Amino acid sequence: MAAIDQSVGARFNSFGLVIPEALSCNSSAHWSSYRLAVESSVEEGSFPKEPYDESVSVFQSWASLGRGPTDELRSFGKQLQEAQSSHSAASSDSASSCLFGLVTALEVIARRNVGHVRQQMLALAEELLYFGSTDVLSSSPWPARRSDILLNLLHPEQKGLEDDWKTFSPEAVRPSPLPFVWPLSAVKIPAEMEPPRFRLWLTDQHSIMSGEIAYLFTRHLQNFRVRVDRQSVSLYCRFHSVCFSDGRVAALLRHPRIYQIRPGAGFLDGLEEVEKVGRDIDRLAREFHHLFRTSLRTVDAFMCSIPIYWCKLYQHFRKPILGVMDQPIFLFVQPHLRTLWLRDFRELAQDPKNVFVCDTAFLQLQVLWQTGLKLPVARYLAIQTARWQWRASEESMSRILVVQQQLHRPFFLPLLKEFSALNAVTRKLQVVGFEEVPAWKSGRKDRYKRLAEHRAAVVFPYDVHFIKLLELYSMGVPLYLPADFFMWAFSWTVSDPAVMEPAIAQNASETWPHPPPFCATKGLRHIDPARCHYWASYSDIARLPHMAYFASFPDLLLQLHSASSEDLLLRSKAMRAFQAETTSQVLAFWQHAVLRLLSRRTQAKESRRNRPQSACVVP
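Numbering of the sequence shown is given in my numbering, commencing with residue 465 and proceeding in unit increments.
Hints are not guaranteed to be accurate.
Stated by the list, open to error - Calculated lysine-lysine pairs in the PhoX-like style (CA-CA distance at most 25 angstroms, straight line):
#: 1; residue 1: LYS1037; residue 2: LYS913
#: 2; residue 1: LYS513; residue 2: LYS630
#: 3; residue 1: LYS740; residue 2: LYS513
#: 4; residue 1: LYS905; residue 2: LYS817
To be verified - Taking CB as the label site, the calculated pair distances span:
#: 5; residue 1: GLU739; residue 2: SER528; range: 43 to 49 angstroms
#: 6; residue 1: LYS909; residue 2: GLY509; range: 55 to 61 angstroms
#: 7; residue 1: PRO977; residue 2: ALA587; range: 28 to 34 angstroms
#: 8; residue 1: PHE1042; residue 2: HIS754; range: 28 to 34 angstroms
In short, the hints are calculated from the structure, not lab data.
As the structure is a computational prediction, the values presented were derived from the model and not from experiment.
Just so it is clear, CB atoms sit at the ideal spot from N, CA and C, and this is done for glycine as well.
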């Protein structure tokens, strides 16, 4: 993986590319003068202590305008819009604004102060970077670093010590060698003349995992005749072909907002309703059993996934449970219920008739820390998209797909477009977002096939288990990711201590060799760069082979420009080979898992067969 080089020279001068005005602020004499002073202090090795007086002057000038962080972010957005429209003149607000120059000034002032002033300056700088949504400092000529800002904001200096300033200088993330599938049995399951039938029932609030399992089990488990009762109430169930067919399931799991499919609906949409289901889960479990106890007598196992707490829905059936985990165990569990659920989860996971599985090594370690139990791991394959293969035509070999969460990173795509347009060497690259792919925007059946026709994809992950990344990987689309992806990827529930409950974790602290397995503050307001960097090595973003990483937007564009069609083809083939290898391992894992889930039924049959027959009396 590429090293993370934060020096001004490496980020700017050595690439020789024109930097967009929104980042450089070249057209303003005021900001150009300040930037020269900053660059001089960098060359002298005195940054971020200097240039102090100039930084104070910059801050005072900005404060006198009466603008706040929201105004500054709005001005930054206007600058990007104006840059993309050759007919619009720059507004006075955007012309006087320089977001990254201001952040740099705030870091210098913070470095030279202590206590409340330092914390105030750091908090304002982080607010301007807006949870990382504007953090493209590595692509600008400004040397401020969000990682240093956060490190000192979250770990204040010892009282009165001005020199207690922490600098974050990470090496490249080193992928953990933990297996993608564990354990792997060397014993092959003999094929039977008549494959045993296996009936699985699933219900969930998010269908990412259930969609994968339903597809994989019905199409790829050759040793079994599988029937899956698909009863998901997920917002996305139609995309995974697992939507509920029995209206009683939807009625039981309450409010239409949970399962109603609407434009713009998100993962956490209807959160209050999901939490109400969790609150009433014991009563709902009784009602569920009353409604379905007759029709589900022949079900061999029940599946739960997101949230795993919904496993409790099946508690009165005394049937095997398949728990496929993608999120922490306390997701959507109200705090006052968590201690009891921790006990119940441990009992379920240790019950020999059940199978509980994590989809990543990172989640496996989280669950180990929370529960003291080391669960199996089976990689999420994105198997439904693996049927399409990367085939970039001559016409589409200049098109670069950018994958981002618009709400989290609204500025990355327009900035990349501006970089590309300003520089002749990269101008032939056509940077497009998801919504600019007609098949994707209209939801056509061939949308993934069309995604696989791009030269490459640039992915800005907002989660360590980023499904779009895994889908593109499964198709062999050459992938490019930021080397400091950990500064963005830990912005979801897996990083939030609010759903980890350190106070009741079952981990034996004497034997735990890691920091706690989350790296954000409560509510995901801030992240701890050092801790996120540590845990990044256990994420698939670092562990999947044959992906490329970039240190900045200029670095990315030059990599994309210089990569030959042959280079990209070799990478794509290597990705597909890894996909095939791990698919084989995952299928072998699930064959044995299903055999275990069926063992209770098999044992019951054996018991009936070996039962002594009553004597026949002949009169």
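Taking the hints in turn, this is what the structure says about them:
Note on LYS1037 and LYS913: the hinted pairing holds, with a Cα-Cα distance of about 17 angstroms set against a maximum of 25 angstroms. At most 25 angstroms may separate the alpha-carbon atoms for a hinted pair to count; LYS513 and LYS630 meet this at roughly 13 angstroms. In summary, the hint linking LYS740 to LYS513 is not supported, as the alpha carbons are separated by about 52 angstroms, beyond the 25 angstroms threshold. In summary, the hint linking LYS905 to LYS817 is not supported, as the alpha carbons are separated by about 44 angstroms, beyond the 25 angstroms threshold.
The given range of 43 to 49 angstroms is respected by GLU739 and SER528, whose C-beta atoms sit roughly 46 angstroms from each other. As the Cβ distance of LYS909 to GLY509 is approximately 58 angstroms, the hint placing it in 55 to 61 angstroms holds. Roughly 33 angstroms separates the CB atoms of PRO977 and ALA587, a value that falls within the hinted 28 to 34 angstroms. For the hinted restraint 28 to 34 angstroms between PHE1042 and HIS754, the CB-CB distance of approximately 48 angstroms leaves it violated.
Comparing the model with each numbered hint stated earlier shows that hints 3, 4, 8 do not hold.
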